[in-house]
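Asker: Okay, here's what each chain looks like letter by letter:
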Amino acid sequence: MIVGAGKGKQYSNVLEKPLSKGKQEVSLSAFALLFSELVQYNQTQVDNIAELERRLEDAGYAVGARVLELLCHRDKGNRRETRLLGILSFVHSTVWKVLFGKVADSLEKGTEHEDEYMISEKELLVNRFISVPKDMGTFNCGAFAAGIVKGVLDGAGFPAVVTAHFVPVEGQLRPRTTILIKFAEEVKSFVIFFLNVLCNLNWVVFSHQLLQAAVSNEYRSSKCFLSSNGYFEEKRGWDNVRLSFFIIFLKTSWHEERRYSKIGTFSLLSILTVSSTYQLLHMLPINFCTR
Amino acid sequence: MAPLAPRSGDAVFANVERVNAELFTLTYGAIVRQLLTDLEEVDEVNKQLDLMGYNIGIRLVDEFLAKSNVSRCVNFKETAEVIAKVGFKMFLGVTASVTNWDVDGTSCSLILEDNPLVDFVELPDTCQGLYYCNILSGVIRGALEMVSMKTEVTWLRDMLRGDDAYELRLKLLKQVPEEYPYKDDE
Chain X
9 MIVGAGKGKQ YSNVLEKPLS KGKQEVSLSA FALLFSELVQ YNQTQVDNIA ELERRLEDAG
69 YAVGARVLEL LCHRDKGNRR ETRLLGILSF VHSTVWKVLF GKVADSLEKG TEHEDEYMIS
129 EKELLVNRFI SVPKDMGTFN CGAFAAGIVK GVLDGAGFPA VVTAHFVPVE GQLRPRTTIL
189 IKFAEEVKSF VIFFLNVLCN LNWVVFSHQL LQAAVSNEYR SSKCFLSSNG YFEEKRGWDN
249 VRLSFFIIFL KTSWHEERRY SKIGTFSLLS ILTVSSTYQL LHMLPINFCT R
Chain E
31 MAPLAPRSGD AVFANVERVN AELFTLTYGA IVRQLLTDLE EVDEVNKQLD LMGYNIGIRL
91 VDEFLAKSNV SRCVNFKETA EVIAKVGFKM FLGVTASVTN WDVDGTSCSL ILEDNPLVDF
151 VELPDTCQGL YYCNILSGVI RGALEMVSMK TEVTWLRDML RGDDAYELRL KLLKQVPEEY
211 PYKDDE
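Listed in order, the protein sequences are those of chains X and E. For the first sequence, this note's numbering assigns the number 9 to the initial residue and increments by one for each residue that follows. For the second sequence, this note's numbering assigns the number 31 to the initial residue and increments by one for each residue that follows.
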């Protein structure tokens with residue numbers, strides 16, 4: 009019934025259609041006109057600037073979430089970045105290059121807060137043909153790009169608050185756009201830290217898969233996990249993740265002691281503690297695992 | 031100054047700035063999704079998309095005329111050809127073909143084989159009445175209205191709805207005589 013489209017060929021399902029290489033282009037004006045309609049339409053739906061930015065961010069979020077899926081599938085063999093800096097540079101270079109045709113001008117770490125990062129762009133594509141009227145104050149159409157970044161980060165398991173700001177630059181008429189990324193508390197927390205430690209160990213084949221599954225949103229929705237060794241056929245949520253962790257830790261602590269040297273003391277401690285008993289794992293409060 | 035020779039769609043497209051079609055596709059998808067959430071009724075979404083297209087069309091025609099050097103078309107047949115071969119190519123990077131003329135040469139079909147708007151798209155059961163690409167018909171209507179042609183543009187075939195191509199029916203309703211917008215004594 010539902011048919012995907014392609015070069016004169018029909019597919020019974022959009023999934024059957026081969027994934028394009030992503031080389032197709034449209035004119036910049038076509039995009040600019042479309043984007044301007046998006047902004048104008050949303051202007052009719054809101055009564056204040058914050059709301060307008062939020063709606064643009066929502067639209068961008070939808071784009072970002074899909075771009076992540078698309079790029080991971082096409083370019084990275086279905087692997088996702090699991091480290092904070094990895095995902096940031098993925099956004100800054102890969103995503104930017106695909107969407108805006110160039111790598112972003114800079115990626116910096118915030119000086120005041122540990123968990124803040126900034127991506128700056130002298131002339132952001134979406135702001136190219138936009139001039140903000142005086143009465144709209146600090147409104148920035150870059151909210152759309154911020155939404156894209158948020159979509160990518162969220163999809164990869166690094167929830168963050170992302171906002172776009174104009175920053176005046178000396179000797180330049182137009183301000184540059186800075187996208188400020190402030191990661192959510194839990195990114196720094198135990199779970200992600202743990203997952204990253206696992207990623208560093210990176211020796212059990214299915215620990216990686218598990219990691220992929222766990223950092224993606226799947227662990228919230230109790231979907232099935234399939235491990236490479238087929239031990240767990242239908243897994244439901246964290247019980248099985250815990251069980252799998254348990255096995256990984258057990259193996260880790262018994263056979264890979266030498267590798268501990270490159271991991272911090274805390275992680276060593278936590279692995280040993282956790283691996284000592286499955287019961288203890290069971291006592292992990294579930295809140296640790298959900299956002 | 032002698033008028034410049036009209037340029038082909040390919041030549042214009044090669045010279046304009048371009049962006050990745052996926053950004054365009056996904057952004058359009060985001061717009062349609064937003065409309066579906068806001069307006070709820072599929073018919074309303076169709077209307078809104080058409081309106082957005084119209085707004086784009088009335089702005090886009092300026093750029094089209096400036097960059098393509100196309101001069102006045104002698105008849106509607108030529109107009110349709112120019113839209114299909116130059117207009118579509120210049121903005122979307124694809125071409126359409128023109129067929130199915132009626133006897134008096136006032137309506138025809140534009141057939142699109144490749145359509146950058148619909149990559150990654152499938153219509154869920156709840157949106158079967160949606161003309162996903164309705165923005166395109168709006169664009170054509172808006173652009174033609176700016177060059178004094180009242181037209182009606184409708185979708186005949188839509189691959190998202192199970193047809194084998196995208197077919198737009200273009201119907202010339204009325205050719206508006208050119209009028210200056212001001213009077214002599216003003």
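The reader is advised that the hints may include incorrect statements.
Claimed, not checked - Dumping the calculated BS3-like pairs for lysine-lysine here, alpha-carbon to alpha-carbon at most 25 Å:
hint : chain 1 : residue 1 : chain 2 : residue 2
1    : E       : Lys180    : E       : Lys107
2    : E       : Lys107    : X       : Lys31
3    : X       : Lys25     : X       : Lys84
4    : X       : Lys105    : X       : Lys190
5    : X       : Lys31     : E       : Lys180
Rather than coming from a laboratory, the hints here were simulated on the basis of the structure. Just so we're clear, the structure is a prediction, and the values are computed from it rather than from any experiment.
Asker: Next, verify each hint and record whether it holds.
Answerer: A quick look at each hint next to the structure:
Among the hinted pairs, Lys180 (chain E) with Lys107 (chain E) is consistent with the structure: their alpha-carbon atoms are about 15 Å apart, no more than 25 Å. Taking the CA atoms of Lys107 (chain E) and Lys31 (chain X), the gap is about 33 Å. The hint is violated against a cut of 25 Å. Restraint check for Lys25 (chain X) and Lys84 (chain X): satisfied, since their Cα atoms lie roughly 19 Å apart, inside the 25 Å limit. At most 25 Å may separate the alpha-carbon atoms for a hinted pair to count; Lys105 (chain X) and Lys190 (chain X) meet this at roughly 22 Å.
Our distance criterion of 25 Å between C-alpha atoms is broken by Lys31 (chain X) and Lys180 (chain E), whose separation comes to about 36 Å.
In the structure shown, a violation is registered for the earlier hints numbered 2, 5, in ascending order.
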